[in-house]
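Engineer: Here's the letter readout for the chains.
Number of protein chains: 2
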Amino acid sequence: MARANAFYAQSGGVTAVINASACGVIETARQHKDRIGKLYAGRNGILGALNEELIDTGRESAQSIAGLRSTPSGAFGSCRYKLKSLQENRREYERLIQVFQAHDIRYFFYNGGGDSQDTANKVAQLGSSLGYPITCIGIPKTVDNDLPLTDCCPGFGSVAKYVAVSTREAALDVASMSETSTKVFVLETMGRHAGWIAAAAALAQEGPGEPPHIILLPEVPFQRRRFLAKVKKTVERCGYCVIVVSEGAQYANGRFVAEAGTSDAFGHTQLGGVAPTIANMVKEKLGYKFHWAVADYLQRAARHIASGTDVAQAYAVGKAAVEFALAGKNAVMPTIVRKSDKPYRWAIGEAPLARVANKERKMPKRFISADGFGITTAARRYLAPLIEGEDYPSYRNGLPQYVRLKNQLVAKKLPPFRI
Amino acid sequence: MARANAFYAQSGGVTAVINASACGVIETARQHKDRIGKLYAGRNGILGALNEELIDTGRESAQSIAGLRSTPSGAFGSCRYKLKSLQENRREYERLIQVFQAHDIRYFFYNGGGDSQDTANKVAQLGSSLGYPITCIGIPKTVDNDLPLTDCCPGFGSVAKYVAVSTREAALDVASMSETSTKVFVLETMGRHAGWIAAAAALAQEGPGEPPHIILLPEVPFQRRRFLAKVKKTVERCGYCVIVVSEGAQYANGRFVAEAGTSDAFGHTQLGGVAPTIANMVKEKLGYKFHWAVADYLQRAARHIASGTDVAQAYAVGKAAVEFALAGKNAVMPTIVRKSDKPYRWAIGEAPLARVANKERKMPKRFISADGFGITTAARRYLAPLIEGEDYPSYRNGLPQYVRLKNQLVAKKLPPFRI
Chain A
1 MARANAFYAQ
11 SGGVTAVINA
21 SACGVIETAR
31 QHKDRIGKLY
41 AGRNGILGAL
51 NEELIDTGRE
61 SAQSIAGLRS
71 TPSGAFGSCR
81 YKLKSLQENR
91 REYERLIQVF
101 QAHDIRYFFY
111 NGGGDSQDTA
121 NKVAQLGSSL
131 GYPITCIGIP
141 KTVDNDLPLT
151 DCCPGFGSVA
161 KYVAVSTREA
171 ALDVASMSET
181 STKVFVLETM
191 GRHAGWIAAA
201 AALAQEGPGE
211 PPHIILLPEV
221 PFQRRRFLAK
231 VKKTVERCGY
241 CVIVVSEGAQ
251 YANGRFVAEA
261 GTSDAFGHTQ
271 LGGVAPTIAN
281 MVKEKLGYKF
291 HWAVADYLQR
301 AARHIASGTD
311 VAQAYAVGKA
321 AVEFALAGKN
331 AVMPTIVRKS
341 DKPYRWAIGE
351 APLARVANKE
361 RKMPKRFISA
371 DGFGITTAAR
381 RYLAPLIEGE
391 DYPSYRNGLP
401 QYVRLKNQLV
411 AKKLPPFRI
Chain B
1 MARANAFYAQ
11 SGGVTAVINA
21 SACGVIETAR
31 QHKDRIGKLY
41 AGRNGILGAL
51 NEELIDTGRE
61 SAQSIAGLRS
71 TPSGAFGSCR
81 YKLKSLQENR
91 REYERLIQVF
101 QAHDIRYFFY
111 NGGGDSQDTA
121 NKVAQLGSSL
131 GYPITCIGIP
141 KTVDNDLPLT
151 DCCPGFGSVA
161 KYVAVSTREA
171 ALDVASMSET
181 STKVFVLETM
191 GRHAGWIAAA
201 AALAQEGPGE
211 PPHIILLPEV
221 PFQRRRFLAK
231 VKKTVERCGY
241 CVIVVSEGAQ
251 YANGRFVAEA
261 GTSDAFGHTQ
271 LGGVAPTIAN
281 MVKEKLGYKF
291 HWAVADYLQR
301 AARHIASGTD
311 VAQAYAVGKA
321 AVEFALAGKN
331 AVMPTIVRKS
341 DKPYRWAIGE
351 APLARVANKE
361 RKMPKRFISA
371 DGFGITTAAR
381 RYLAPLIEGE
391 DYPSYRNGLP
401 QYVRLKNQLV
411 AKKLPPFRI
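In order, the protein sequence lines correspond to chains A and B. Residue 55 in the numbering used here sits at position 55 of the first sequence, with consecutive numbering throughout. Residue 116 in the numbering used here sits at position 116 of the second sequence, with consecutive numbering throughout.
Do not take every clue at face value.
Given that identical chains are not distinguished, each listed pair holds provided it fits within a single copy or across any two copies.
In silico DSBU-like pairs for lysine-lysine, Cα to Cα no more than 30 Å straight-line [unchecked claim]:
| no. | residue 1 | residue 2 |
| --- | --- | --- |
| 1 | Lys33 | Lys289 |
| 2 | Lys285 | Lys82 |
| 3 | Lys233 | Lys406 |
By construction, these hints were calculated from the structure, which means they are not laboratory data. If you're wondering where the values come from, they're calculated on a predicted model, not measured in any experiment.
Start from the sequences and build out the full structure, keeping to the hints where you can.
Structural biologist: What follows is the structure, encoded as structure tokens:
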């Protein structure tokens, strides 16, 4: 293929390392100026393409781009916007092709989860059928770790590390206060459908019986009575109990624990996160003093405690995406292939977008302990390497120095599009 | 004074650096074996003295003690147990003296907040009047930064750094998603009476108008209407709004915002933290999509992101406490004296316990911005140096290596005491 421009977009919930993937894409593209001319980024993800709001990444210095490697969030803006199916909204796909054509874009790099891989795949097909072939490469990203065909997802290792570190620290706090104060601590983690993030808290354990004592996964139907019995037993044995609960924890009928809630003294339903719900349930039945935390965005934005492994992999998939495109591959996604657990070795593989799209990988049964409140040795072997290594950002005045880009838009060439 | 034993106890809510103070006490005492024989630590704080549960710190290796410097929480256990006044419960004070006498303890180091300084002061007075003079030195500790006579309190700088770093990171996340998703993010911090911790979030700002856009301090009466107007204006101007709220935020009548709550669609009062209360208030009135986080213990246990300044000061007050005792001082507390803001220079000073005890230092008016939603340049000048410097713990397998002590108790010599 002759020299052409490229388009990169960030999609869905951002992570501590999605910008490291952007860094991999941009730095690699810059090494191939004979093949890739301009590299545009979508302002607010795919919306940037639909609205023809294209950021010229060429305006950013090499230093700024290098700084993306250690900057959390989405430097170009991301969005939660899922293109409908081709049948339902063909005009959006056609608009993408029009914008790409107007700006001589022949490479499309889409950095996101399952939905995004699906979109990238459809764009590849449509471009071809409309006589404007475009190379579409997906770049995996999701803290939820639920993409198939890749050993893990960039973004997950860092949130896993944050949760494991925070659990270890909070557990020490509770342990030292439990004689006269808090006996039960509940930490709520992300993970609406898959329990990977909550499961990673188990890495905080240094031996059997250590905190976290209970992990509540979406994969295991929540049973109030069994849970409370376990809390009681743990407090009686250890003096305190640390619970990590996935936001997606649910009853057998699929109802979220957070929705279900408990009642206060006046019979009112309590709304809010699952952590306060669980904590109040414990208080009501067992009377223990409790504290709870909801890390929310703090966990996925915590670049200050990112996993070195995760940062390296996020960069690598960005780099590989460009290399795949230049090698003539299309409608594929670079994946992480595990070569060995210990010492941990990995390489880049590839998966066809058609097989990645819209599939969710839950925790396998063999990763969940027999009582459902913890993880197995196999899970520990899988998770442990993903949080290895520290990759600290640089600091100024006691705060991490995260880059901000100029994000200059290029002139529009097309009439506006109504989304 | 001839050679005698010493007793050290941790009191109240623990911090990321209270063990650094313990490290300062123990390492310094070990350098003065001619004057200080055994150094005992109270198991679970002052309860350890009342129950004659004395940990022999001499059983711990130099390496373990050095490791305390980078281990959060209270390594010997802490407690929330306030001794009553001498009039109300003289027997508890007498018991302390009896235990000290039985174990030849002539030095009492009490590491805590205002209540603890009060207790240490009373023990000093009583020992003297009972003919068993004991040297009592307070060691300041509180994340709340509310002790008088010291420029700052060890423990505060690290929680301030955690909050500033987390706010900067979460704000980047929200900014990058705000076009199509979350517009309002609320972070709840500790600080039931004083707004120091929430105020520190302002250090995340790199310029005027930057997030956090709104800080809700306990010192400023919460006005719902004014607050909502500010949120609306901020979202209209910036596209999103980051709010940091102190758990102690309250209405003019002294009612906590968290207690007050709002009602859900069914007219039920919502309980829980102040962050969800505030977030729901915004949703109900302005309709913005929101997220909220409650850091709870994560913030005060976050040794992984401790302030280097704070760690150094926590160690220094522990060291100074022993040096004060050996210099014949009594009923005093080492303090932090600020010598200059920029470059930041500090030294150890001293304050009489009688003047420290049971006083709370709130944020001064001149630190609060005119609109009540932020801080002034003076506050920024005060806060900025306290979060400076990183002091990372060592890591193994991707997790910080925190020490665990043997905590071996010495044989009891007295009959049991009923608390």
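Engineer: All the hints need checking, so say for each whether the structure fits it.
Structural biologist: Hints, one by one, checked against the model:
no., hint, verdict
1, Lys33 - Lys289, "neither (62 Å within a copy, 42 Å between copies)"
2, Lys285 - Lys82, "between (43 Å within a copy, 28 Å between copies)"
3, Lys233 - Lys406, "between (56 Å within a copy, 25 Å between copies)"
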